[in-house]
Amino acid sequence: AQSVAQPEDQVNVAEGNPLTVKCTYSVSGNPYLFWYVQYPNRGLQFLLKYITGDNLVKGSYGFEAEFNKSQTSFHLKKPSALVSDSALYFCAVRDILNTNAGKSTFGDGTTLTVKP
Amino acid sequence: NAGVTQTPKFRVLKTGQSMTLLCAQDMNHEYMYWYRQDPGMGLRLIHYSVGEGTTAKGEVPDGYNVSRLKKQNFLLGLESAAPSQTSVYFCASIRTGGGNEQFFGPGTRLTVL
Chain A
1 AQSVAQPEDQ VNVAEGNPLT VKCTYSVSGN PYLFWYVQYP NRGLQFLLKY
51 ITGDNLVKGS YGFEAEFNKS QTSFHLKKPS ALVSDSALYF CAVRDILNTN
101 AGKSTFGDGT TLTVKP
Chain B
1001 NAGVTQTPKF RVLKTGQSMT LLCAQDMNHE YMYWYRQDPG MGLRLIHYSV
1051 GEGTTAKGEV PDGYNVSRLK KQNFLLGLES AAPSQTSVYF CASIRTGGGN
1101 EQFFGPGTRL TVL
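As given, the protein sequences belong to chains A and B, one line each in that order.
Residue numbers are given in my numbering: position 92 of the first sequence equals residue 92, and the series is strictly consecutive.
Residue numbers are given in my numbering: position 8 of the second sequence equals residue 1008, and the series is strictly consecutive.
No lab work stands behind these hints, which were simulated from the structure alone.
Bear in mind that the values here come from a model prediction, so they are computed numbers and not experimental data.
For each residue, glycine too, the CB sits at the ideal point set by N, CA and C.
Wrong hints could be hidden among the right ones.
[Claimed, not checked] Pulled from the structure, derived: some chain A residues nowhere near chain B, Cβ distances all over 12 Å:
1) A14
2) S73
3) T105
4) T113
5) V114
[As the list claims (entries may be wrong)] Partial chain B-side listing against chain A, Cβ under 10 Å, derived:
6) M1041
7) R1044
8) A1056
9) G1058
10) E1059
11) A1082
12) Q1085
13) R1095
14) Q1102
15) F1103
16) F1104
17) P1106
18) G1107
Given these sequences and hints, build the entire structure.
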């Protein structure tokens, strides 16, 4: 079974400050991990993913995420937040042992609000 | 490329009415999915398809049916709508499994009165 948890419903940061959106996961094998962003009244957009290799992955709009196998975490980060980063963020996991249908399990989402 | 498109964007139904939501993708993706999004519950998988002519149940399939007669289209049907089916519905597609990311449509907002 695969599962993912986003422990914070809401994250508030000031513009220019660093931001972190947390994600932890559980899989039987090794994980494929994804971050998606959803702006109001829009579909989800892919931000970045971890497949293998370097634990620090970089994605769109200056976001990055660090894979930590010992802590089973994949936190999303950005060094300097923008007001335009305000959105709903989803973490997703796919067990490498169960990828034949491409099914991912999504977290409940974290609303990021960046204040000017 | 249009990517993933969904029709309609909005719909209001009365309890007991039926409707079909259409998802189309022009990326030649093999796998397609239907999700519903409800506040505080993230995305829940309704049905999915790993190829033309094949469908399978997801996490919350009751009250829904699907068909994939053509590779590019994935239809979601509600035979007898209930207020509990009020939600935002998203379609997604993916080239194949492995580490590929999903591509999402813009969503259909459905209200059942």
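Each hint, compared with the structure:
{"no.": "1", "hint": "A14", "verdict": "holds (26 Å)"}
{"no.": "2", "hint": "S73", "verdict": "holds (18 Å)"}
{"no.": "3", "hint": "T105", "verdict": "violated (8 Å)"}
{"no.": "4", "hint": "T113", "verdict": "holds (16 Å)"}
{"no.": "5", "hint": "V114", "verdict": "holds (21 Å)"}
{"no.": "6", "hint": "M1041", "verdict": "holds (6 Å)"}
{"no.": "7", "hint": "R1044", "verdict": "holds (8 Å)"}
{"no.": "8", "hint": "A1056", "verdict": "holds (7 Å)"}
{"no.": "9", "hint": "G1058", "verdict": "holds (8 Å)"}
{"no.": "10", "hint": "E1059", "verdict": "holds (9 Å)"}
{"no.": "11", "hint": "A1082", "verdict": "violated (23 Å)"}
{"no.": "12", "hint": "Q1085", "verdict": "violated (19 Å)"}
{"no.": "13", "hint": "R1095", "verdict": "holds (9 Å)"}
{"no.": "14", "hint": "Q1102", "verdict": "holds (7 Å)"}
{"no.": "15", "hint": "F1103", "verdict": "holds (7 Å)"}
{"no.": "16", "hint": "F1104", "verdict": "holds (4 Å)"}
{"no.": "17", "hint": "P1106", "verdict": "holds (5 Å)"}
{"no.": "18", "hint": "G1107", "verdict": "holds (5 Å)"}
When the structure is compared with the earlier hints, violations turn up for hints 3, 11 and 12 and for no others.
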